[in-house]
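Q: Assembling the complex is the task here: the two chains are given apart, and the hints tell you how they should meet.
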Amino acid sequence: MLRLSLGLVTVFAFSVIIFSTFSFLPGDFATEILGQSATKSAVKALRAELGLDKPPVTRYFDWLGNVFQGDFGSSFSGRSKVQGDQGDRSREVVGLIVPRLKNTLFLTGVAAMLAIPLSLILGISAALYRNSYYDRSATGVSLVTVSSPEFFTAYIFILLLATLFPVFPTISNVDEASTLAERFYRTALPVFTLTLITMGHMMRMTRSAIINILSSEYIEMAKLSGASRYEVIVKHALPNAWAPISQVIAINLAYMLIGSVVVEYVFNYQGIGRLMVGSVYNRDLPVVQACALIFASTYVILNLIADLIGIISNPRLLYPK
Amino acid sequence: MTLNKSKELLLEMKNIHIDGFSDERWHKILKGVDLTLHRGEILGLIGESGAGKSTMGKAAMGYTQPGCKIIKGEINFNGIDLAKLTEFEKRKIWGTKISYVAQSAAASFNPAHRLMDQTISAANRLKINPTDVLKKDAVQLYESLQLPDAENIGDRYPHQVSGGQLQRIMTAMAMSPRPELIIFDEPTTALDVTTQVEVLSAMRSIVDKFNTAAIYITHDLAVVAQMADRIKVLRYGEEVEEAETRDMLSNPKEEYTKSLWSVRSLIKPEETNEDYMLSIKNIDAAYGSSKVLHNVSIDIPKGKTVAIVGESGSGKSTTARVITGLLPQLKGEIIFDGKKLSPKLEQRSKEELRRIQIIFQMPDTAMNPRQTVDEIIGRPIEFYQGIKGKEREAKVIELLKMIELDETFLDRLPSELSGGQKQRICIARALAANPDLIICDEVTSALDQIVQEGILKLLQKLQKELGVTYIFITHDIATVKAISDEIVVMYQGEVVEQGLKSKILNPPYPDYTELLLSSVPEMDPDWLTNLLNKRSS
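Sequence order for the protein chains is A and B.
Sequence positions in the first sequence follow the working numbering and run 6 to 326.
Sequence positions in the second sequence follow the working numbering and run 541 to 1077.
Bound-form chain B, shown alone (with noise of 0.2 Å):
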């Protein structure tokens, strides 16, 4: 980030408004949003989930998704409205004097066509350059980039590189024509921490490298942090704030701004238990013939919570099937409670069906859309404690009671609630069959910062009251600090670690959880430009 930018206007959006068409009925999206970007500048747009900013980011392309419309306000990029020119016209602009880069790197390629040919596709519209010196200077990318192999790379098809370097690729794409102007949307929301670090300082470096402008959207203020010049802040299609990003984090001037990062102030005091609720010794487990868990030994302590943590494909999901008995292992025993459980869910005893729960990370798929709430948490109560008409319904209520929700949402469906309230109802359902042992599997991931304390501090309470034991797994580190007693590092199916959360969140670490811990983001500026000058001296 060089201070000394120029101060010549790039874009200047004026008071957007944008609807959307869902439910039989027009939405406001956004509702009067300015934005102004200079020339080499990075706006951070920051916001949670349907604040608008996705909307805002492509509204500053000129382009609306299927299904909503400008209703009024001026898009001047370079002195031209991009709101009034028509399809064909943007079309000139799209990709080459604008480019876009997705969230979901994966789902972005064409899986039909070879990496160098979509990463030139756009540069090769405008015909100036032939494709052989397109290819060259893609591939220059890729090294600038620091992708693996960048000379052969391109030839790949997506299936075939990893999602941290999808999303280097795609940057690559979106700097092949040279534009003035980039939009990244959510670029490592769907990455591993370790691998987050990686991408964000290559495109910090290439935006730098080429003084390109960029709007960057994110939901992860720490992120934000690191990348952008300027911060604004959305809600409900409204600014909050905006400010240069270290005023921004300094001294953050809105009620909302501050409560955004508020999650990461939740601190537990950790203890530990030497009776044991459940213990699994030198598990080996597979998925057909690839072997995914080797020698795994963990201990739960009684009534506390042990946080698994550990990168996508590090085996944590899969020891949670393993405990479940979704996925009988190959090697290696369950001992729950002091007695032993056998692999296979068909050969559990009700009982031991009933003692452990299970809540997963989409509630959207995790609950019967045709059920109503009543249903829902009802079924456990009668299938397992055998309680049926008003004494059923009296313990429902008294479930959603503890949920903080109350008796209105017994004739609701799953989609008639909030993200946050659908999750709440995961958790009741798992209360309801009265489990001594409750496996979350990354139950906050998909959720807001706000939402994700509220459910925390639930779970929280809720161990408190019940005495019930959790095993939380998860990628982010401050949810760790945040709820548990101990903490499982696990890596490539094997535990790196295993002890008291201050154990393992200080020094010394193996060098795994150093490379984990050191990748969180942090709200410091600097922090990322410090990191790499660590780690590359």
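Chain A on its own, in the form it takes in the complex (with noise of 0.2 Å):
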């Protein structure tokens, strides 16, 4: 409970946080769409007309009150120039943001149930034949995928998968009407970037979670009653890594979120993340919180998550004395 009122309180910060920092930015949206040459008395019109005159503070309270009562309000962007003609056109964040929000789960949804399992096993063998060739090369090859950064990643897999040989498309456009099967060929790529720059993290945090507790005294107790390799990994060992675990693939989900700002561009994949990079270019103060706001409980969620399975997973904690 405790757990659950401070990431309200992060989430709320968070969003304090993301308000203020547009209000230091140079210029604002009327001056951005009006352009250069606008007279003072239109940029002050429109400011009017999008409440930007009101103080700050003023403004983050009406938006705040608004959220929670569900009601993102309106993209600047979308909105109608024309007097009068009230909002016909104008498009609510909700409905602009909604559709992009499942192409970008759907993208890190995919690449989290590749990369989970995969980075899991390999840990796990990894730890299971310590120092061999195996655990070496998988070690060593982790290393170099979580220190590329992912558009480099991305255009590797562009240049091998794409280029030299065509098997994959480069640009991920997908629409309400695109079968799952079309889904996932068009995804592949940023699919692939994705498992590839968080997998090494996890893989490497699972293994070095289990040598840690093979060190243990009841590590050496289950070998010497009798336990086979595999018994001492996978019942004695891992049990005791779940915690550790799960807290590494809470931070490497929200990385992937994060990750998919930059990929989805790369791929020009209609996400979450392209919408956000396009707002905060246009001064477009309503989408943004709302992305910043998502992705910032996406993370305090998955932290969630990722402590309630380590109670779960230690008796200690789940039966106390």
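The hints are simulated quantities; they were obtained by calculation from the structure and are not laboratory data.
Do not rely on the hints blindly, as some may be mistaken.
Below, in silico cross-link-like pairs of lysine-lysine (DSSO-like), each with a Cα-Cα straight-line distance of 27 Å or less [unchecked claim]:
| id | chain 1 | residue 1 | chain 2 | residue 2 |
| --- | --- | --- | --- | --- |
| 1 | A | K240 | B | K637 |
| 2 | B | K676 | A | K240 |
| 3 | A | K240 | B | K675 |
| 4 | B | K667 | A | K240 |
Okay, the calculated beta carbon distance ranges per label pair [said to hold, decoys possible]:
| id | chain 1 | residue 1 | chain 2 | residue 2 | range |
| --- | --- | --- | --- | --- | --- |
| 5 | A | P154 | B | W566 | 17 to 27 Å |
| 6 | A | E222 | B | N669 | 50 to 60 Å |
| 7 | B | E564 | A | T150 | 29 to 39 Å |
Beta carbons: idealized from backbone N, C-alpha and C, even for Gly.
A: Next comes the structure, spelled out in structure tokens:
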């Protein structure tokens, strides 16, 4: 319960930070849209229409109040410029974000489903055959993938799997009409990229969490009671490693979501990351705020889940004395 | 202990050499030790830390710890040479034909699994009996080991039962597949004396019941005397001597064996003093919401030694924390040399801090591993007495001489010292403040018998020379006999009694003191049997 309220506080603090950073950026939506040559009165009129003339604190609380009612406001950029034509063509932020959020969740979801089991299997087997050639090459390769930036990995994939051997498309444009198979095919390269950049970290942490536990006395005891190598790792070490492993998975899923900002841009994928970058460019505050809030809450929720797994997997916390 | 045991050979280890890798090079741990064991026989393996007794015990299973290897030797178990088997083949013997009981039960159980599952896991691997039969058998084992609520205790997790109970459950686990040999590796060292008696008697009766052979490893001669038919003494990886238990105790041949229980012969005439260095009155203290001290009052006479004894959890160390101000008391007052001390450390003057010093149990963790001996001892001299430069150095050397070391130690790091030397440096550090009262918190319990004796003698000598007052916290009655003038017995956060050593150690006793004193193992091999008979009657 305490964790939950702490999480809420974090999200709240985050929204304040996002909001205030925007006030420090030079220019606002009005100057950006009307250009350098706009007259002062035109800028003033647009500001009044968008509510930008009010003091930041008032604007923040107006916005916050609406968010609690599920209303993230309207995007600035879709707004009609004709007076009296009340918001027919203006785009609601929610309507703008939801389909893109679905796309991003699809992308990261598929990548997570690929990356988590793979890195667990690789990490456990590397611990099982510690210091073997397999272990060394797995940890070595994972270090390379962790240290390469995601756009670099993405371009390597494009070079290999789209240009040299044209298996997958470079542009991952999907829409409502795309079938599931089509979606898998089109998102293959971004999925690979996200998988690769997060897998290394998860695999290495799984390996080291297990190896850490292998030096405990109860592991020696398990060996002396005749447990096989596999049994020692899976039955005796792994159950005690869930807490650190779930933490690192949470961090990486969050990282994946953030990494999708770059990856979506590279592959021109209609996700929330791309939307956010575009909106920052336009100073489209309502959209950016909503996106940032989504990122922040995902992060908090993932960490909460990891904590929960840590508690469930530890009898000492689950069954106090 | 039945004397007419079969003479059928079970285990024969010949000329065992084992090397271990540490500090970038190979060391010899065992240098050609032989060992024979017959069916149903219990062999005691004793020696100080580093003697190689644990390594020998594990080698009896054909196992060496990571970083160790068997160089030479045969380990014939039932006619099979374990040294020649592969890991895979050895696993079929481990846990089922030979099982192992480790020192620290709390660390040796997997925290993630229920006790019952761990108890029967090895027997389960044999696939002879179905799980429910094994579970029934385990409950019976729990019962014969006198575990409370034997029916359900297996459903708990390791953290939910006490250390003494865990140790007995581990014995049940070792016994579950009915092995031919059990290795007990210091199984009671981490337990309180009163718990130790229960565990020892439970282990002995169950080993007797199934006529299982055992190797019992310990550093405590009195404990091994209760358990073993034969005793083998190891030192520096070599055998010192071996004899039947009774012969060994009545007539040890080697000087070294005799020295093993010399600390028990150290005796100090008691004296007291009406002038108190420190009085604590009606102290209550708590960690968070759990209260650990209840109305504790103790008087410490000037220039004398007061020993505070009790089991773990009795509040001995908490009392020390209250006196030093690390844990402010909730109620009551501390009078030091006629003046009231403020409960909080921050509110005490530098002078008050200087006059009370503490020495901890673990010298390894009590010193900064990156500071040299010179820095460790020199800092309190500078801090409390403001002495610097040449004078400071002279003072450090003087202190080193006082603790029977010399100036060659000045530039050494703690890692370059032996356990006994480290504890001496800690004593010198306490003395560097020129204190009136030193609290010794289990200062000898991490040390070997012979080293213990040296430290205790040193502390006595320093008291004679400097007139310093000691509060000596310990659970070891032999140490208490050796050093104290007065004794305070504590139990569950309360003082049971306080008085002169002769009064406390002689009847009539209050119930708890009686239990505590009678639980201290004696050299007599019949001690445990007699004690159990006496208690049951």
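Q: Evaluate each hint against the coordinates.
A: Hint-by-hint comparison with the structure:
For the suggested pair A:K240 and B:K637, the alpha carbons sit about 22 Å apart, so the restraint of at most 27 Å is met. Restraint check: the Cα-Cα separation between B:K676 and A:K240 comes to about 23 Å, which is no more than 27 Å; the hinted pair holds. For the proposed pair A:K240 and B:K675, the alpha carbon gap of about 19 Å is at most 27 Å, so the pair holds. Taking the CA atoms of B:K667 and A:K240, the gap is near 18 Å; set against the 27 Å cutoff, the hint holds.
About 46 Å separates the C-beta atoms of A:P154 and B:W566, a value inconsistent with the hinted range of 17 to 27 Å. Separation of A:E222 from B:N669 is about 28 Å and departs from the stated range, judged on CB atoms against 50 to 60 Å. Taking 29 to 39 Å as the suggested C-beta distance range, the pair B:E564 and A:T150 conforms, at roughly 34 Å.
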